Amino acid sequence: MRAQLGRDMRGVVSIARRCGCGRPAVVRTAPRLEDGTPFPTSLYLTLPWLTLELSRVEGTGRMAELTERIAQEPELAAAYRRAHERYLARRAEIGEAEEVAHVSAGGMPTRVKCLHALAGQALAEGPGVNPIADEVLAGIEGAAPELVCRCEETEEER
7 MRAQLGRDMR GVVSIARRCG CGRPAVVRTA PRLEDGTPFP TSLYLTLPWL
57 TLELSRVEGT GRMAELTERI AQEPELAAAY RRAHERYLAR RAEIGEAEEV
107 AHVSAGGMPT RVKCLHALAG QALAEGPGVN PIADEVLAGI EGAAPELVCR
157 CEETEEER
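As numbered in this note's numbering, residues 7 to 164 make up the sequence shown, in order.
Derived by calculation from the structure, the hints in this document are not laboratory data.
Predicted model, so just to flag it, every value in this text is computed and none were measured.
Be aware that a few hints might be false.
To be verified - Taking lysine to aspartate or glutamate and the EDC-like style, the derived pairs with C-alpha atoms no more than 20 Å apart in a straight line are:
| # | residue 1 | residue 2 |
| --- | --- | --- |
| 1 | K119 | E91 |
| 2 | K119 | E99 |
| 3 | K119 | E64 |
| 4 | K119 | E71 |
| 5 | K119 | E79 |
| 6 | K119 | E158 |
| 7 | K119 | E141 |
Start from the sequences and build out the full structure, keeping to the hints where you can.
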C-alpha cells in the first residue's frame with residue numbers, strides 16, 4: 007500500500023478486495039485512526055490505475071449528472087440510500103466514531119461527491135450494492151465485472 011499511495015496507510019483493518027495480481031485494491035479502515043482522528047471512509051481504494059481512471063471521470067462533471075439523477079429517479083435514490091445504510095452498518099462492524107456516525111462516503115445518500123469512495127464500496131461488496139458505483143465502473147475498461155490487473159502497465163501503454 008505504501009508503494010501504491012506513496013505514503014503509509016493509517017487505520018487499516020483488512021484488505022477488502024485484491025487486484026488479480028494480489029496487490030490491495032480496496033482496504034477497510036477503522037472509523038477512528040490511531041491518533042484519535044475520525045475517518046469515515048472505511049472502504050478506501052488503493053489501486054493506482056483505477057484511482058487515475060476515476061479521477062478522469064470526475065474531471066468530466068459526471069458527478070453533477072449523477073447527483074441530478076438521484077434527485078429525479080426515486081428508484082435510484084432508494085438504492086443509493088440502501089448503499090449508504092449498508093456502508094454505515096459495515097463500518098460499525100469494525101468500530102465507532104460518534105463524529106462520523108451518520109456520514110458514509112462519497113456524498114451518499116443524497117449526492118455524488120467522490121467516485122473513489124463509491125468504487126471502493128462496490129469493489130469490496132460486489133455488484134448490486136452501490137448502483138452509482140456499478141454504473142461508473144461499468145464504463146471503465148477492466149474495472150467491472152472483473153477487476154483486471156493493470157498494475158504493471160505504464161501510462162504510455164494505456
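Status of each hint after checking the structure:
Taken as a hint, the K119 and E91 pair is honoured in the structure, with Cα atoms around 17 Å apart against an allowance of 20 Å. Distance restraint check for K119 and E99: the Cα-Cα separation of roughly 24 Å exceeds the 20 Å cut-off, and the hinted pair is therefore not satisfied. For the given pair, K119 sits about 9 Å from E64 by alpha-carbon distance, which is consistent with the 20 Å threshold. A threshold of 20 Å between alpha carbons decides the hint, and for K119 with E71 the separation of about 11 Å falls inside it, so the pair holds.
A distance of roughly 18 Å separates the Cα atoms of K119 and E79; the hinted pair therefore holds under the 20 Å criterion. A threshold of 20 Å between alpha carbons decides the hint, and for K119 with E158 the separation of about 29 Å lies outside it, so the pair is violated. In summary, the hint linking K119 to E141 is supported, as the alpha carbons are separated by about 15 Å, within the 20 Å threshold.
When the structure is compared with the earlier hints, violations turn up for hints 2, 6 and for no others.
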